[in-house]
Amino acid sequence: QKEVEQNSGPLSVPEGAIASLNCTYSDRGSQSFFWYRQYSGKSPELIMFIYSNGDKEDGRFTAQLNKASQYVSLLIRDSQPSDSATYLCAVNTPNSGGYQKVTFGIGTKLQVIP
Amino acid sequence: ETGVTQTPRHLVMGMTNKKSLKCEQHLGHNAMYWYKQSAKKPLELMFVYSLEERVENNSVPSRFSPECPNSSHLFLHLHTLQPEDSALYLCASSRDSGSRTDTQYFGPGTRLTVL
Numbered sequence: 001q002k003e004v005e006q007n008s009g010p011l012s013v014p015e016g017a018i019a020s021l022n023c024t025y026s027d028r029g030s031q032s033f034f035w036y037r038q039y040s041g042k043s044p045e046l047i048m049f050i051y052s053n054g055d056k057e058d059g060r061f062t063a064q065l066n067k068a069s070q071y072v073s074l075l076i077r078d079s080q081p082s083d084s085a086t087y088l089c090a091v092n093t094p095n096s097g098g099y100q101k102v103t104f105g106i107g108t109k110l111q112v113i114p
Numbered sequence: 115e116t117g118v119t120q121t122p123r124h125l126v127m128g129m130t131n132k133k134s135l136k137c138e139q140h141l142g143h144n145a146m147y148w149y150k151q152s153a154k155k156p157l158e159l160m161f162v163y164s165l166e167e168r169v170e171n172n173s174v175p176s177r178f179s180p181e182c183p184n185s186s187h188l189f190l191h192l193h194t195l196q197p198e199d200s201a202l203y204l205c206a207s208s209r210d211s212g213s214r215t216d217t218q219y220f221g222p223g224t225r226l227t228v229l
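Quick note, the sequences are listed as chains A and V, same order.
Per the numbering used here, residue 1 is the first one in the first sequence, and the count goes up by one each step.
Per the numbering used here, residue 115 is the first one in the second sequence, and the count goes up by one each step.
Since the hints were derived computationally from the structure, they do not count as laboratory data.
Take the hints with a grain of salt, since some may be wrong.
[Said to hold, decoys possible] So the derived label-pair ranges between C-beta atoms look like this:
| # | chain 1 | residue 1 | chain 2 | residue 2 | range |
| --- | --- | --- | --- | --- | --- |
| 1 | A | 41 | V | 175 | 43 to 51 Å |
| 2 | V | 128 | A | 28 | 25 to 33 Å |
| 3 | V | 130 | A | 31 | 40 to 48 Å |
| 4 | V | 198 | A | 80 | 48 to 56 Å |
| 5 | V | 173 | A | 42 | 23 to 31 Å |
| 6 | V | 183 | A | 11 | 36 to 44 Å |
| 7 | A | 41 | V | 198 | 15 to 23 Å |
Idealized CB from N, CA, C, for every residue including glycine.
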């Protein structure tokens with residue numbers, strides 16, 4: 001079964017530390033990978049996307065992709081209490097219907113302790 | 115209005131009621147989606163529309179009926195729902211559902227409670 005797996009957490013890190021969020025996926029045909037942040041009671045908002053193996057940096061956020069290991073991660077440097085949220089990993093996979101099907105993980109709840 | 119909007123934001127309905135959820139996107143996108151988000155479960159894709167044509171019906175019960183009159187508007191018609199249908203219903207849109215670089219943007223959601 002095609003899946004996206006995440007540890008639901010909570011992951012607790014002290015303020016200023018690096019938070020490391022991990023995601024694995026089962027379908028080797030997956031082509032693009034997204035990280036969304038979802039605050040409690042709110043809708044998901046896009047943080048980053050990555051298509052190629054390696055690292056992609058955007059401010060305090062770094063996405064890492066390893067297609068051979070079917071693994072994608074998100075690093076948050078200098079974590080702030082405002083980063084406390086649930087982080088959703090999403091994976092795009094071509095579908096027989098001619099569109100990219102997005103599969104979401106359950107999300108990892110991050111708590112940044114002041 | 116900008117982005118993706120949804121109305122109503124909260125809805126309480128009885129099992130015999132008929133109601134509709136509305137989604138509107140102001141991004142010029144060609145694809146629209148309905149998702150269901152329940153506690154402790156991943157987002158579940160319900161329906162996908164590309165250029166007003168339904169391209170995915172993800173084994174959703176017939177008590178949920180989508181409608182996409184144009185590329186900017188998407189509705190979810192609800193009738194004879196069950197209490198287990200209580201959830202956050204999210205609408206999303208994207209530029210091109212067939213592109214690997216396609217990115218979905220979400221509306222604020224409708225919190226649905228079925229009594």
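Going through the hints against the structure:
1. In this structure, residue 41/A and residue 175/V break the distance hint of 43 to 51 Å, their C-beta atoms being roughly 26 Å apart.
2. Separated by about 46 Å at the C-beta atoms, residue 128/V and residue 28/A break the suggested range of 25 to 33 Å.
3. A C-beta distance of roughly 44 Å is found between residue 130/V and residue 31/A, which places it inside the suggested range of 40 to 48 Å.
4. The beta-carbon spacing between residue 198/V and residue 80/A, approximately 37 Å, falls outside the hinted interval of 48 to 56 Å.
5. For residue 173/V and residue 42/A, the Cβ-Cβ distance of about 27 Å falls inside the hinted range of 23 to 31 Å, so the restraint holds.
6. A beta carbon spacing of about 43 Å between residue 183/V and residue 11/A agrees with the range 36 to 44 Å that was offered as a hint.
7. Between residue 41/A and residue 198/V the beta carbon distance is about 21 Å. The supplied range of 15 to 23 Å therefore holds.
Figure legend: structure checked against the earlier numbered hints; hints not met, in rising order: 1, 2 and 4.
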